[in-house]
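**Student:** So the chains spell out like this:
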Amino acid sequence: DTEVTQTPKHLVMGMTNKKSLKCEQHMGHRAMYWYKQKAKKPPELMFVYSYEKLSINESVPSRFSPECPNSSLLNLHLHALQPEDSALYLCASSQARLARYNEQFFGPGTRLTVL
Amino acid sequence: GQQLNQSPQSMFIQEGEDVSMNCTSSSIFNTWLWYKQDPGEGPVLLIALYKAGELTSNGRLTAQFGITRKDSFLNISASIPSDVGIYFCAGHTSGSRLTFGEGTQLTVNP
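Just so you know, the sequences run in chain order P and E. Everything in the first sequence is counted per our numbering, starting at 1 for the first residue and increasing by one. Everything in the second sequence is counted per our numbering, starting at 116 for the first residue and increasing by one.
If you're looking for bench data, these hints aren't it; they were derived computationally from the structure. Given the structure is predicted, the values throughout are model-derived calculations rather than measurements. It cannot be assumed that every hint is accurate.
[Stated by the list, open to error] Each computed DSSO-like pair below joins lysine-lysine, with the alpha-carbon atoms no more than 27 Å apart:
id	chain 1	residue 1	chain 2	residue 2
1	P	53	P	9
2	P	9	P	40
3	P	41	E	185
4	P	40	E	185
5	P	38	P	22
6	P	18	P	36
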């Protein structure tokens with residue numbers, strides 16, 4: 001199984017809502033990532049988990065809260081978002097060591113619209 | 116910070132033509148990755164390069180890791196309509212961060 005899955009595919013939420021994005025991988029990868037991507041732009045790194053511990057937070061606003069319940073799952077909890085947070089949110093995973101940990105495999109993304 | 120200059124920004128070609136795009140940087144990278152992204156989908160890893168001078172093929176795709184470690188190119192031979200999409204290069208030095216190029220939008224006319 002070489003797939004990263006993400007749910008939901010699409011999400012529309014108001015600025016006062018609380019929602020969560022989910023990501024799952026079964027490749028035995030121990031590093032997982034959240035990216036934000038605006039249209040026709042490259043992905044921007046938000047968070048990195050390595051061995052279920054948060055290792056990188058790219059100064060992301062606290063209205064985004066990541067969680068890694070186990071080595072296969074990654075969540076992104078959303079609360080009080082702004083319209084400018086509307087974007088494609090991508091999850092990725094990779095091995096956590098050795099040369100091939102640079103190969104990040106992306107999920108299909110969640111298209112988030114904040115009204 | 117590190118930056119990758121990816122060119123061209125966009126390409127419009129006829130089906131059957133060959134395509135070439137490249138990424139350059141003022142910084143040295145240890146790894147070069149090439150991804151393709153279809154509209155509304157996540158990037159798909161096409162080729163990973165780990166050694167300076169390395170030339171790697173994946174079907175009609177060929178990529179090279181520049182000898183100076185500061186550049187990489189991707190060639191697509193005999194393009195077909197499903198090659199349409201945005202192609203991103205990404206470089207890695209250390210840690211968990213990838214540096215992405217701005218992308219090349221490829222359009223293939225049948």
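**Student:** Decide if the proposed pair is consistent with the structure: residue 53 of chain P and residue 9 of chain P, CA atoms, cutoff 27 Å inclusive.
**Tutor:** 26 Å, holds
**Student:** Starting from residue 18 of chain P, check that the Cα of residue 36 of chain P is at most 27 Å away, please.
**Tutor:** 18 Å, holds
**Student:** Given the hinted pair residue 40 of chain P and residue 185 of chain E, is their Cα-Cα distance within 27 Å?
**Tutor:** 24 Å, holds
**Student:** Would the pair residue 9 of chain P and residue 40 of chain P pass a check requiring their Cα atoms to be no farther apart than 27 Å?
**Tutor:** 19 Å, holds
**Student:** Between residue 38 of chain P and residue 22 of chain P, is the straight-line Cα distance small enough, at 27 Å or below?
**Tutor:** Status holds; Cα separation ~19 Å.
**Student:** Starting from residue 41 of chain P, check that the Cα of residue 185 of chain E is at most 27 Å away, please.
**Tutor:** 22 Å, holds
Consistency note: the structure conflicts with none of the earlier hints.
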